[in-house]
Amino acid sequence: MNNVNWRLLTTHLVLILGMLFMSLPVWVAFATSTHSAETILREGLQLWPGAHFVETYRQVLFVEGGVMKSVLGTTMLKNSLILGIGFAIGKVIISMLAAYAIVYFRFRLASFLFWVIFMTLLLPLEVRIIPSYEVVSSLGLLDTHVGLIVPLIASATGTFFFRQFFRSVPDELLEAAKLDGATAWQFFKDILVPLSRTMIAAILIIMFVVGWNQYLWPLIMTTKEENYTLVIGIKQIYQILAEGGELPQYQKAFALTILATLPPVLVVLVFQNWFVKGLVESEK
Amino acid sequence: MKRVQFEHSSIPYLFVAPQIIIIVVFFLWPAAQAIHQSFLLEDAFGLSTQFVWFRNYKDTILSTAWLQAAGFTLIFSALVTFLSLGLALLLAVKANEVIRGARTYKTTLMWAYAIAPPVAGLMGNLMFNPIIGDLYKFLNAIGWDFDHKLDAFDASFVVVLIAVWKQVSVNFIFFLSGLQGIPHSVQEAATMDCRSPTRRFWTITFPLLAPTTFFLMVINITYAFFETFGIIDTTTRGAPGGATNTLVFKVFQDGFRGADLGGSSAQSVVLMLIVLALTVLQFRFIERKVHY
Numbered sequence: 001m002n003n004v005n006w007r008l009l010t011t012h013l014v015l016i017l018g019m020l021f022m023s024l025p026v027w028v029a030f031a032t033s034t035h036s037a038e039t040i041l042r043e044g045l046q047l048w049p050g051a052h053f054v055e056t057y058r059q060v061l062f063v064e065g066g067v068m069k070s071v072l073g074t075t076m077l078k079n080s081l082i083l084g085i086g087f088a089i090g091k092v093i094i095s096m097l098a099a100y101a102i103v104y105f106r107f108r109l110a111s112f113l114f115w116v117i118f119m120t121l122l123l124p125l126e127v128r129i130i131p132s133y134e135v136v137s138s139l140g141l142l143d144t145h146v147g148l149i150v151p152l153i154a155s156a157t158g159t160f161f162f163r164q165f166f167r168s169v170p171d172e173l174l175e176a177a178k179l180d181g182a183t184a185w186q187f188f189k190d191i192l193v194p195l196s197r198t199m200i201a202a203i204l205i206i207m208f209v210v211g212w213n214q215y216l217w218p219l220i221m222t223t224k225e226e227n228y229t230l231v232i233g234i235k236q237i238y239q240i241l242a243e244g245g246e247l248p249q250y251q252k253a254f255a256l257t258i259l260a261t262l263p264p265v266l267v268v269l270v271f272q273n274w275f276v277k278g279l280v281e282s283e284k
Numbered sequence: 001m002k003r004v005q006f007e008h009s010s011i012p013y014l015f016v017a018p019q020i021i022i023i024v025v026f027f028l029w030p031a032a033q034a035i036h037q038s039f040l041l042e043d044a045f046g047l048s049t050q051f052v053w054f055r056n057y058k059d060t061i062l063s064t065a066w067l068q069a070a071g072f073t074l075i076f077s078a079l080v081t082f083l084s085l086g087l088a089l090l091l092a093v094k095a096n097e098v099i100r101g102a103r104t105y106k107t108t109l110m111w112a113y114a115i116a117p118p119v120a121g122l123m124g125n126l127m128f129n130p131i132i133g134d135l136y137k138f139l140n141a142i143g144w145d146f147d148h149k150l151d152a153f154d155a156s157f158v159v160v161l162i163a164v165w166k167q168v169s170v171n172f173i174f175f176l177s178g179l180q181g182i183p184h185s186v187q188e189a190a191t192m193d194c195r196s197p198t199r200r201f202w203t204i205t206f207p208l209l210a211p212t213t214f215f216l217m218v219i220n221i222t223y224a225f226f227e228t229f230g231i232i233d234t235t236t237r238g239a240p241g242g243a244t245n246t247l248v249f250k251v252f253q254d255g256f257r258g259a260d261l262g263g264s265s266a267q268s269v270v271l272m273l274i275v276l277a278l279t280v281l282q283f284r285f286i287e288r289k290v291h292y
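Residue numbers (the numbering used here), protein chains in the order written: chain A, 1 to 284; chain B, 1 to 292.
These are calculated hints, taken from the structure and not from any lab test.
Computed from a predicted model, the values in this text were never measured in an experiment.
No residue lacks a Cβ here, since even glycine has one placed at the ideal position from N, Cα and C.
Heads up, a few of these hints could be off.
Claimed, not checked - Straight-line Cα separation of at most 30 Å, DSSO-like style, residue types lysine-lysine; simulated pairs: (1) B/137 / A/277; (2) B/2 / A/189; (3) B/2 / A/178; (4) A/189 / A/69; (5) A/235 / B/137.
To be verified - Cβ pair distances, simulated, as ranges: (6) A/269 / B/192: 34 to 40 Å; (7) B/258 / A/78: 32 to 38 Å; (8) B/98 / A/269: 17 to 23 Å; (9) A/226 / B/182: 48 to 54 Å; (10) B/59 / A/134: 17 to 23 Å; (11) A/172 / B/188: 49 to 55 Å; (12) A/42 / B/62: 17 to 23 Å; (13) A/70 / B/53: 28 to 34 Å; (14) B/151 / A/5: 19 to 25 Å; (15) B/59 / A/226: 37 to 43 Å; (16) B/47 / A/70: 46 to 52 Å; (17) A/108 / B/35: 54 to 60 Å; (18) B/53 / A/134: 18 to 24 Å.
As the list claims (entries may be wrong) - With the C-beta cut set under 8 Å, the calculated list includes, among others, these residues of chain B facing chain A: (19) 94; (20) 113; (21) 190.
Excised from the complex, chain A in its bound form:
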């Protein structure tokens, strides 16, 4: 009996240490963000929240020049939301349509086009950074939402996910729909989409997080400060801190990391079950 208890105790101990390892840095970042620059400079990182929460976050979110040169925190927040939501929705639409064509139609180029979609897995942005920038620039899409979102949504993961799911839908549904004289579009809209609701929700959650966290692409294609997302703001604040100055605004840097973290973390926490489902299924 004694033996069993020891085992249970170490199990909990390992888990608690793991929890601390994963959570403490973020907690410290939050606690430190609520102290004044002077305190941080004098005492270092903080473990408990201070009295400057409202002041720091007001500065970062609403005051011009509070954190970046001109752009407000709220503007960056808005840009991040547009990217996250636009990316998620765009990806769902585009991949559902493509998966539908590939699974439900017999057409000559089907397998060839499937391979074209597959090719995207071989060409992550990192291996084609500069020519991609040139394409977007020559199309006049730099610093636009379209240029930011559209090139990101075409990768194959979403299409594979829905292809897998559509294949598991019983054939009888289509047979019945055909008997009733449904058109291809009607079958898609009235039967397949409602049937995929859970799948759509799961993939939306994952893709919102993925979109929100994009870094390299927004980095190279936004030049104007007003188009920065929060994650890009991180790079700028790194620059500002690296350049130094009389009193480094560490509390604002920490506040920015918290703001960039909070929305995707909330989404993951609130929709935890869908999130896990979406992640595990879409990566398979």
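Please arrange chain B on chain A, whose structure you already have, making use of the hints.
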């Protein structure tokens, strides 16, 4: 595919068109450009270009800087993969054992997934800041002459730590779902046959998790190669002296800062080959899993 399908000549093309068009414009065309440019040499003013065969490859790939980055990327990927998988497996096995607090543990261990690599990078960077960073002070206090701005080993330590921290949660989620997929009957039978939990883990549970582990290895190597760009860019930026340059970070540096198109393209093409190899590995494994 399906037994029953629609027979149409044009409608399916309409449905795939959006994705295919985007792929051609933003994936295939730029990739072709990269391959094309990797064979070209441009003069300093961009006025004339000439076809130089594999000279860019020879000049960049065989340069000490590239080889150094390749070496670092390999070690970095191996460490990040091994450490984050090991840690995640340990935590997943423990989280799968407990009943009390299971949900809390699970949630707190997985939510870091949602943090972007550059955000994790900046947080870590500040923790190791010489002026305010307590980790920096702590490491120096315990007698480690720690300075990640000057010492290559210390700088690598910082990026590996942050990259592992960021990746544990994904691995944890997959391992936990893998563990929960092992049928109870199997575990009960194992418990009857073998009393040592450690031995049970290595002879029953771990082999059953092999497909998950293998799949995660590919995911983690890909992550370490590509997605850690944001971490490097907000911590060491390759310092000191290129000791923490990953291959992706170097492509970015050479292409945008250095404006060396040919050389950067040649590096891109090499990266494409690496992705190709990783993808082949992944799909061969997935086929195995289907039969298994």
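Open item on the list: Of all the hints numbered above, which does this structure not satisfy? Sort the numbers upward.
Closed with: 1, 4, 11, 12, 13, 14, 16, 17, 21
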